[in-house]
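Engineer: Sequence:
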Amino acid sequence: MSIEQVDYRAIHQPVLMREVVKLLSPRPGATIVDGTIGMGGHSEGLLAAYPTFEVIGIDRDEDALMIAKERLAPYSDRVRLVHGNYRDCVEILSTLGLDQIDGFLLDLGLSSLQLDRPERGFSFRESGPLDMRMDRTGGASAADLVNDASVVELSGIISRYGEERFAHRIAGAIVAARTKVRIETTDELARIVHDAIPRKFHPPRIHPATRTFQALRIAVNDELSNLEKGLEAGFSVLSAGGVMAVISFHSLEDRIVKGFFRYKGLSCICPPDLPVCMCDKKVEMEVLTKHVIIPTLEEIATNPRARSAKLRAARKLEAID
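For what it's worth, the numbering used here labels the leading residue of the sequence shown as 26, then goes sequentially.
I should point out that these hints are in silico values taken from the structure, not numbers from a laboratory. Here the structure is a predicted model, which is why all the values come from computation and not from measurement. Incorrect hints may appear among the rest.
Claimed, not checked - Simulated crosslink set (DSSO-like; lysine-lysine; CA at most 30 angstroms straight-line):
id	residue 1	residue 2
1	K315	K254
2	K47	K283
3	K283	K225
4	K225	K47
5	K205	K225
6	K94	K254
7	K47	K205
8	K307	K254
9	K225	K254
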């Protein structure tokens, strides 16, 4: 399927839209960074709801940016799109003549544009090249990783990023298979993983290769490191009173976001047995989501891919000397 054939309104439903729009209610004339703009669903909702503010949309996926440009054309005077990584938002904003923003949004999920196109290599539902790169302009693909990494490296990746109990067994099966022929397609890899896991341990509701594919995708795109660096970068350019909102889709991401907001909300990080605070830590953010926000049953019914989404948000506080 070519980009020109994509019906973005049919395949892309932004998750937790109402909640995002409510949390990112900015002052008039505000500038919001949508660090994972994708096909522009959240930004479209924000631009429609708040007619005076501007969106800086960043994405690593050039295909997604093409669709976002078309989708957001009615708001073109208030949108600037950048091909890049949100972790580099400080440098990106600097090139645009900005050093502060009023809101920072991340939606960390894969888009339907990526999942539903076999040539992107993210899914095993149809055979496609084992790619998995969000930015196809450079970097190693999943095929490179699967065929070149050692059994120890593969096992570590699958265990750490996929939380897969049979990681070592799967890594061994991959290495054994690639000695015969290079592993090039998603269905080849899915079959190897399927056969490596004892049948009685196959998960009941997901394909046995799901966790392995997640792990490889995270490794190929350096997703968790990007998230850690991106949260700090976004915070550094967020103005006092500005809101950071993050939608995550698995526990590894959510743990990082929750920990970041928790740390920014602490007034002291001294050991508990220290009688007097010596750290000079200041409260930097107010958490706005005391309880994580998840989709309603109604939203999940209309958009099943929203089922694992978790939204957390926090507001940056005025610096106190």
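Engineer: Indicate, hint by hint, whether the structure satisfies it.
Structural biologist: Results for each hint:
no.: 1; hint: K315 with K254; in the structure: holds, 23 angstroms
no.: 2; hint: K47 with K283; in the structure: holds, 20 angstroms
no.: 3; hint: K283 with K225; in the structure: violated, 34 angstroms
no.: 4; hint: K225 with K47; in the structure: violated, 45 angstroms
no.: 5; hint: K205 with K225; in the structure: holds, 27 angstroms
no.: 6; hint: K94 with K254; in the structure: holds, 26 angstroms
no.: 7; hint: K47 with K205; in the structure: violated, 55 angstroms
no.: 8; hint: K307 with K254; in the structure: holds, 20 angstroms
no.: 9; hint: K225 with K254; in the structure: violated, 40 angstroms
In summary, the structure is inconsistent with hints 3, 4, 7, 9 from the numbered list given earlier, while agreeing with the others.
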